[in-house]
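Asks: Chain residues, written in single-letter form:
There are 2 protein chains.
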Amino acid sequence: MSLIAQPQTMNFDAALPLQSGASICDYHLAYETYGTLNERRDNAVLICHALNASHHVAGVYSGQDRSEGWWDNMIGPGKPVDTNRFFVIGVNNLGSCFGSTGPMHQNPATGQPYGADFPVVTVEDWVNAQAHLLDRLGIDQLAAVMGGSLGGMQALSWAIQHPQRVRHAVVIASAPNLTAENIAFNEVARRAIVTDPDFHGGHFYRHDTLPRRGLRIARMIGHITYLSDDVMNEKFGRELRQAVTSHASGYKFSTQEIEFQIESYLRYQGDKFSEYFDANTYLLITRALDYFDPARQHGGNLSHALAHVAAKFLLISFSTDWRFSPARSREIVKALLDNQREVSYAEIDAPHGHDAFLLDDPRYLQLVAAYFDRICPGDRS
Amino acid sequence: MSLIAQPQTMNFDAALPLQSGASICDYHLAYETYGTLNERRDNAVLICHALNASHHVAGVYSGQDRSEGWWDNMIGPGKPVDTNRFFVIGVNNLGSCFGSTGPMHQNPATGQPYGADFPVVTVEDWVNAQAHLLDRLGIDQLAAVMGGSLGGMQALSWAIQHPQRVRHAVVIASAPNLTAENIAFNEVARRAIVTDPDFHGGHFYRHDTLPRRGLRIARMIGHITYLSDDVMNEKFGRELRQAVTSHASGYKFSTQEIEFQIESYLRYQGDKFSEYFDANTYLLITRALDYFDPARQHGGNLSHALAHVAAKFLLISFSTDWRFSPARSREIVKALLDNQREVSYAEIDAPHGHDAFLLDDPRYLQLVAAYFDRICPGDRS
Chain A
0 MSLIAQPQTM NFDAALPLQS GASICDYHLA YETYGTLNER RDNAVLICHA
50 LNASHHVAGV YSGQDRSEGW WDNMIGPGKP VDTNRFFVIG VNNLGSCFGS
100 TGPMHQNPAT GQPYGADFPV VTVEDWVNAQ AHLLDRLGID QLAAVMGGSL
150 GGMQALSWAI QHPQRVRHAV VIASAPNLTA ENIAFNEVAR RAIVTDPDFH
200 GGHFYRHDTL PRRGLRIARM IGHITYLSDD VMNEKFGREL RQAVTSHASG
250 YKFSTQEIEF QIESYLRYQG DKFSEYFDAN TYLLITRALD YFDPARQHGG
300 NLSHALAHVA AKFLLISFST DWRFSPARSR EIVKALLDNQ REVSYAEIDA
350 PHGHDAFLLD DPRYLQLVAA YFDRICPGDR S
Chain B
0 MSLIAQPQTM NFDAALPLQS GASICDYHLA YETYGTLNER RDNAVLICHA
50 LNASHHVAGV YSGQDRSEGW WDNMIGPGKP VDTNRFFVIG VNNLGSCFGS
100 TGPMHQNPAT GQPYGADFPV VTVEDWVNAQ AHLLDRLGID QLAAVMGGSL
150 GGMQALSWAI QHPQRVRHAV VIASAPNLTA ENIAFNEVAR RAIVTDPDFH
200 GGHFYRHDTL PRRGLRIARM IGHITYLSDD VMNEKFGREL RQAVTSHASG
250 YKFSTQEIEF QIESYLRYQG DKFSEYFDAN TYLLITRALD YFDPARQHGG
300 NLSHALAHVA AKFLLISFST DWRFSPARSR EIVKALLDNQ REVSYAEIDA
350 PHGHDAFLLD DPRYLQLVAA YFDRICPGDR S
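Sequences listed follow chains A and B, in order. Going by numbering that gives the first Met the number 0, the first sequence opens with residue 0, and the numbers climb by one from there. Going by numbering that gives the first Met the number 0, the second sequence opens with residue 0, and the numbers climb by one from there.
Derived by calculation from the structure, the hints in this document are not laboratory data. Nothing here was measured: the structure is a model prediction, and the numbers come from that model. We put the CB at the ideal spot given by N, CA and C, even for glycine. Don't take each hint at face value.
Said to hold, decoys possible - Covered stretches of chain B (chain A as the covering partner; in silico rule of three or more C-beta atoms under 8 Å from a C-beta of chain A):
id, region
1, 167 to 178
2, 182 to 191
3, 226 to 238
4, 292 to 298
Unchecked claim - Computed cross-link-like contacts, DSSO-like style, restricted to lysine-lysine with a CA-CA straight-line distance of at most 27 Å:
id, chain 1, residue 1, chain 2, residue 2
5, A, K234, A, K271
6, A, K234, B, K333
7, A, K333, B, K234
8, B, K234, B, K271
9, A, K251, A, K234
10, B, K271, B, K251
Generate the whole structure from the sequences, applying the supplied hints.
Replies: Written as structure tokens, this is what we have:
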């Protein structure tokens, strides 16, 4: 039987100071919890989400069969992060478009939607907001904080910002910062959105339109980088969508019609995304990715940045992930070892590229299960 | 002293039948030649260009100091392809925007610019058009045909389509077809162009505008794929364009302003490109790339596709080229060896990614020089 999930909202009156120097007042966070907080309040696991996910991590919504959470293969009763043992919290980040305060919400200063005026938020800001949520839930210390990709950056940042509040950090398919190439892909996606005439400088809500063209392009670029070359060749290769019979090649000979299956797949993904994702959120979240760089304030020295980390770590990377390659995870492993921290690291040989962290690879899921089996709610530090 | 180049034009009255079944009438090809055709007319080397290049391969234009041809480090007196020995021909392909008949030219059927109605042309069509040019120049057999990237595909196709007319084929940083990922990048670029409101279905000339937004995005995507992750990190890394002093991080905290050097570089490249490159040409040339697949009509068997090739081959790939990886060149090498053809292959350890084929790597240039030294104009087959 599936877990039934119930979205909740927590309102915060006190202003949240942001890394940029700005602050955000009167905000709310959407979240969900699964399992039961024990008496000692020490079995909580916080799940941080990546670019286009939300607080709906596990379970389904009542009466909605196809509403599984985005990490439902990972989290639930008897699953690797077992909700019979752990109290799991999914939280939607500030600036997102899935429930927490974001660009579509009203700016108290103007009475209009924030739009492009929503303040720039960073991984560190998200972590601080999540910490306030934990305060309100009466959770002093997390058994674990866990995330993949941008979610892994938040897990890493938790261990840096609040070393005494995290016993274990599980950082999957992540990196200590973006490479120039990563930033470049983000920038192209942002330019596609910002230069869409329907973007209206980020205030498209007022114009009753959406910058769908830009969002489609952004998503298509994203999708290419989530998959490996190998898995794309295996899934799509050079297969035609619909071969014509009048040419030996089967080609339609058209520059604009869909010819190859991969084109059809990408256009479909782009179309779907453009209908549900907020363009200002896309800008904010890709910028948070760009900015994350805990070593920056330590002259680029990641070992120094992690000097005060107290958590034990599990890091996992995937062999064909070229967006956040195993080498990037190994940088974090090395910096932790430089500080004599306890760290487990696995590089999983998987063909799926960056997407692998969301998929049902049995070795991967077993590895996480084994790690959480060893996390005893009683091992409070 | 630099070679002085002179662009020339050859007009063709006879219709050129195209692979699609369409044909193109009354077309012209822009070309340049360097060096002297010998009496036996057997020292000609044809250079085929890639996506955004032209017939202006070598030398400078009279009185224009900064007008070097795109392969001026490779071709000229005393250079690897030595114009003291060889008669080198650069030709602009049909559908291009640099002189040969293309979408900006008048469609004889309508009296209007072709625009999006320019027929889809393939690598095979280009080779056939180039062959007609050679006929008119009185060149029966090429000492060599040579190209990088899409130019390498043309060199390979020459050896397949006109086996008796090619003694040597030099195929650099190329592939026997595009992977799904390659097609995916092309498709995103095309969608950016086609969905730009200024594209007007490809008839933007009539509207006195250009789909600059789409071209910029297309070029930015292209540039990312031309460079290696390593060289991007080395050239740009996470360097800020202009750090602000009010934050420890130096960030401006903006989603739209340029923050990182890599963003500045990409925007500059995109802006420049959008001013000189034709959007319809971009669609045509990326589609020619997608379609090229000589193995297709042989059930995917490249060895069968190359069964009648007579030329000797030099193939070169670059270690960090992830667009046309060394593995793709090795597929061609293997298929040639399956047919007992004479083939030299070098994988050059270079950090520059796909762009390396245009750069001044001494090992690369020496290798080509050594190969051409061995091509004796008298070794006519």
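Asks: Hint by hint, note whether the structure agrees.
Replies: Results for each hint:
1. 167 to 178: n = 3 at 8 Å, threshold three: holds.
2. 182 to 191: The restraint on the region 182 to 191 of chain B holds, since 8 of its residues have a Cβ under 8 Å from chain A and three suffice.
3. 226 to 238: holds (count 8)
4. 292 to 298: holds (count 3)
5. A:K234 <-> A:K271: Given pair K234 of chain A, K271 of chain A holds - Cα atoms ~20 Å apart, limit 27 Å.
6. A:K234 <-> B:K333: OK: K234 of chain A and K333 of chain B at ~25 Å, within 27 Å.
7. A:K333 <-> B:K234: holds (25 Å)
8. B:K234 <-> B:K271: Distance ~20 Å between K234 of chain B and K271 of chain B Cα, so the pair holds.
9. A:K251 <-> A:K234: holds (21 Å)
10. B:K271 <-> B:K251: Satisfied, since the Cα-Cα distance of roughly 26 Å is no more than 27 Å.
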